Structures are given as C-alpha cells and as structure tokens.
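With the hints as constraints, model all of the structure from the sequences given.
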Amino acid sequence: MEITLSSLLAGIVIMAAPLVLAALGETLTEKAGVVNLSLDGTILLAAMTGFLVASKFQSLTLGFLVASKFQSLTLGFLAAALTGSGVAALLATIGVWLGQSQVAVGFALTFLCRDLAYFLGNPYARQKGPQLATLPIPGLSEIPFLGKVLFTHSAIVYVSFLAIPCCYYFFYHSRLGLIVRSVGENPEGCWARGINPISVQMLATIAGGALIGLAGAAFSLAVKPGWGHPQGCEGIGWIALALVIFGSWNPIRVVMGAYFFGLLQVLGIYFQDSFTSIPPQIFQVAPFPLMIFTLVLIHLSRNTKNRTIARWMRLFSGKPPKWIGRTYKQS
Amino acid sequence: MNVKRFTNFSITQATTNGFLIGALALGTVSLLLVLLGISPAAIGYALINGSLSSWLKFSHVLTIWTPLLLCGCGLLFTFRAGLWNIGIEGQVVLGAIGATFLLRQEYSTLPPWALISLAMFCSFVGGALWGAFAGVLKNRGGVNEIFGGLGLNFVAQGFILWLILGPWKRAGIASMSGTDLFTRELWMFTPHGWRVAPAALIIGFVVFLLTGLLLSATRFGLQIKAVGKNPLAAPLFGIRPDMTGLCAMAIGGGFAGLAGGLQVICVYHRLIPSISSGYGYLALLVVMLANYKILPVPFICLFFACLAAGSIQLPIVLQIDSSLSGVIQGACVLSALLVHGLRKRKKGAA
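First to last, the protein sequences are chains D and L.
Sequential numbering from 1 applies to the first sequence in the working numbering.
Sequential numbering from 1 applies to the second sequence in the working numbering.
Don't read these hints as lab results, they were simulated from the structure.
Fair warning: this is a prediction, and the values are worked out from it, not measured in the lab.
Each hint should be verified, as a subset may be incorrect.
Just a sample of chain L residues kept apart from chain D, beta carbon distances all over 10 Å, derived [said to hold, decoys possible]: (1) ILE11; (2) LEU152; (3) VAL206; (4) LEU215.
Partial list, computed: chain D residues near chain L (C-beta under 10 Å) [stated by the list, open to error]: (5) GLY95; (6) TRP97; (7) TYR118.
By construction, the Cβ of each residue, glycine as well, lies at the ideal position given by its N, Cα and C atoms.
Below is the structure:
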C-alpha cells in the first residue's frame, strides 16, 4: 500500500474528529468546575442512539413523505446530542444540585451507560445502517495539498473544525464564556456578583454533554460506522478525559492533543504490517503516561526555584480551574 | 438514653434508605423491561436460576464474590483516607502479573503449596507497589489520585498485553488468548463438584475480618479516618496525611493484587489480557452502594456476583445481552447516590 503524506494527514483529521468534539465538551464542563467522568459510557450510549434513530428513520415512510438520508442522519446526530445532554443533566442534578460527589456519580454513570448501550443496542448489532457520505467542499477541495487533507471529508469533520474557533471565542472573547470560567475559579465570588453558580454549572455540563453526544454519533455514523458489541469506540472517552488534562484546560492545546492522538492511532494502523512486534493496543495507552507526565510537569513548574526551568515548563503547563470537582454549597 | 435513641434512629433510616434504593432501582429497570416487551419476572427467574439453583452454580458465584470482596476491602481503606482509588483495576492486573511472574520461575525443589503461597504474596506486593506508585505520584508529583490511577490502569493494561504478546508468549505463537497454562500442581485445590477453591474463600474471609479490625479497632484505622475527615487537622495530632494516605493506597492495592492473584491461580490458571474481569471497577460500585460502610460490603458483593453469574445464561435462555446485569448494578448505585443526596438536601433544609 502506498502511503502519501496527504492521505496520512487526512486519516488523522478523520480519526481525531470525534475526539476533538468530546474533549471540547469535557473542557467546557471542567472550565465550569464540574468533572464529567461519564464520558466513556456517554459516548457509547450516544453512538447507539444515533445509529438506532438514523437507521429507523431511514426505513420509515410517513405517508407520502419519505425521510431522506440526509434527514435521517441529521435526526441521528440530534438524538445523540440529546442523549449526551440527558446523561449530563442527570450528572448535574445529582452531582451539582444535590451536591453528591461528582466523581462518584460520573463513575456510576459510565458503567450504567455502557451496559445500557450494549443491552438496548443488542437487537441492532451488526446491521447495515446509514453512513455520512464524504462531502468535498467545492473550490476548496481543489487546493493541491491542503484540499485533500482538510476539505474532502464528511460533514461531522467540518463540524469538528468549526467547533475549535467557536470554543476559543466562547471562552476568551464572550461574556458568557467569562462567566463559565469564573464559576469554575470562584463560585462564591460569582454568587456575590449576582450569578447563580449552580445554574451556570448545570447548563455548562448539559451543553458539554451535547458535544460529547455528537462525538458518539460521529463514531457510529461516520468514523467507525455501525453498532456492535464492541463498537470500536470503547476507551475513547477516557482518552478525551486525559487530553483535557494533557492540554491543561486550554481548548487549543486540548485540540492539539487530540490531533496528536489521531497521529498515534493512524501510525498504529500503518505500522501494524511493518512492525508486527508492537501490538496496536500499545498506541491506545500512549496518551496516559503522557497525561501523568504533564501533571507532574505542572506540579514541578510551580515548585521549582530554577527560573529557566520554570519558564520552559510554563510553556507546557497551565492551571486547572480552581474549583474543579468540588461541590459549591450556598451558605 | 440519647445515644441509644440516636443509633436506633440511624438503623431505621439505613433500612428505609435500603428499601427506597432497591425499589427505585428495580422499579426503573422493570419499567424499562416492560417498555421493551420483556417480562421482568422471566428475567428475575433466569437470574436466580442461573446463580442460586445448584451448588455448582452458587460456587461459580463465589468465584466472583471472592475477588470482588478483596477489592472492596482494599477500597474501604482508601475511601476512609479520603482517596478515590480508581486505579484499583490496574492494581488487580499487577497482582495477577506478580503471581504469574513467580509461577513461571523454575523452582523444582519447592513443594506446590509453598509456590502458591509465594505467588499470593507476590500478587500482594505487585498490587501494593502499583497502589503506592499512585500514592507517590500524588504526594510528590501533585497528580490527583483519580487521574493518576486512571492513567496507571491503562499503563497496566498495556504492560500485560506486552507481556502476553512478547516475553511471556505461548511457545511458538503469541496470541491474545493468554500465556501457557500452568501445570496441574500449581492450580489451587478445588474439590470435585466445586468451582471455587476453599482456600480462596478463607483468604476472602480473613481479609474482610482484618479490614474490619484494622479500620474500626486500631490506632492505624483511627489515623486513616482522621486524615480522611480532615487532612488539615490531622497533623496537629502528629499524623502525617501524606504517609497515612500512602499506607492506605499500598494496603488497598495489596488486597486488590490478591484478587488478581486468585484470578490467575484459581480461575484462569494462566495470564489473559482481561484477567481483572473489571472486578476493580465493579468493587468501586459495590463500596459506593454500601455508602462506604464496612458491614454491607460482603452482602452487596454477593448480590453483584449473583447478578454477574446469573446473567451469563441470559443470551442463551432469553436472547438478551448479558450486560443487563451491569444495568441493574449501575441503576442501584445511581439510585443510592440520588436517595442519599435527597436526604442530605432535606437535612440541610430542615
């Protein structure tokens, strides 16, 4: 098989698309000071509902109205986003509003959603379903090298492109983003300024959940089309969670981490033939030691006395939201 | 008088909570099943039939119960110390690797019982080291035990895959089905008609008693509790929160490692990639459902083990995916979190 640089890069862009969406959703959640640990299960459940709804509506004829492929796929993505929001709403209700440990709720939800997805999706496993077609953008896709890398993909990949500047703008150039960030840093101060931190946290969690749900549908309707046990997207949620830390809660760095992981995955596929001694699963676990390493770096850069080292390390590290994972209690 | 009334009250409340949680969880799952056109009664019958109808089936339940109980005991230590030991899954894996490492050595002079005991010791050490590693990362590296533990779980998974496909591969061919089987003498003794090794049950009982004793009747247990309740006040009494937390992580990891060792020596008799069977994560759910208390842990472990064993038959008997057991377990834990949260809110409002 001939490997060209452009097809390699195009593969990375496709592989990373769901990861970008999920990691940005989790960044939004964590910026508001909430940890949504249910990522892995949510992605699976959303992948299942997205696939189910899309394939049901494909064969459904409402009187003389025949649902087009486009409509059924849109409904699939919508259903997946709603699933993600629903799970996140449950997490927010118990973890934020009722003040239970967010980690505990998220952890229980991960496993509940995963098993629910396998259980409910069992009758539809390994069935043919609709799939997003590639949609080359006219004009842009004819650019010699970049066109093939960036503009000959399915719609969800373009959505993942659009999500990046949107998130950046939201966090750093909009009033709402400022509110979300300040709730994550200092909810008591927000309360004093007339902002209800609990509502903001719940809304941010639900919005982040929608992005995470989209990531699920991106798998079952585009990147790894179909549903089964296993689906093939297991473990991605944990990786997205690791990427948020690896990117130290900065959306741009988080996304760079997602593309880096896409590179690892694509290299894993290409190297499978030439380096049979390295099992492909090794590439799957690579982000985790990197995540731990980053966290240690963050810690060291804060405590070191050597100024040059501190300056260099600051390039890689950032601060987590101060209130992350803690429960805000109105007094 | 007051004290007595207080304790009576809390026992009644615990019972009411238990009923509420059970009713909420089972009610929700039953409703879901009815909506899907499946009879909840048929499911209940199949689950009980698959787990409790004969000694052979129940002894299979016990093979799940033992590692689950060991992991649960380990988690009680870390939760008491205020630590969320999500890395327990990796500690189980490292325990299994430790046991396999010892059993692969050629000691022709040692009798099998000594080798098996040594292997169990190695599994404890393996799990304890992995747990302590997460603890050191937290103390020295500023890595929160949740993210560190999670990362180490995946590192452990990569490590076991590398061992199975690399240095410890089967003679001739590396395969995902695991390493070579151990010779028959190195299997833990299991009587005819049993699935579970009696020695494994004894280890489970002893560890549970030891956990109860250490946590509720010793100075060390009190220290752990003090650190968990208030890490800022503990140093005033000469307790070092970091060292106490590290000890709790090591002991918790060690018990989880024992579970991994049992999986190797009693159940699979070799190392397989999914050696932990997810028992570490399941034990986290158990201890959360027990509301981090010691006494309910073995009973909840038994309930979860029955569900896990009973659901194996579901795809054959009723053409239903066996993940239904996980749905029931998850629903129970989520209901518990909801009920306890509502109680807390009510108490806060009153």
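Right, here's what the structure says about each hint:
no. : hint   : in the structure
1   : ILE11  : holds, 23 Å
2   : LEU152 : violated, 7 Å
3   : VAL206 : holds, 29 Å
4   : LEU215 : holds, 20 Å
5   : GLY95  : holds, 8 Å
6   : TRP97  : holds, 8 Å
7   : TYR118 : holds, 4 Å
Hint compliance for this structure: hint 2 alone is broken.
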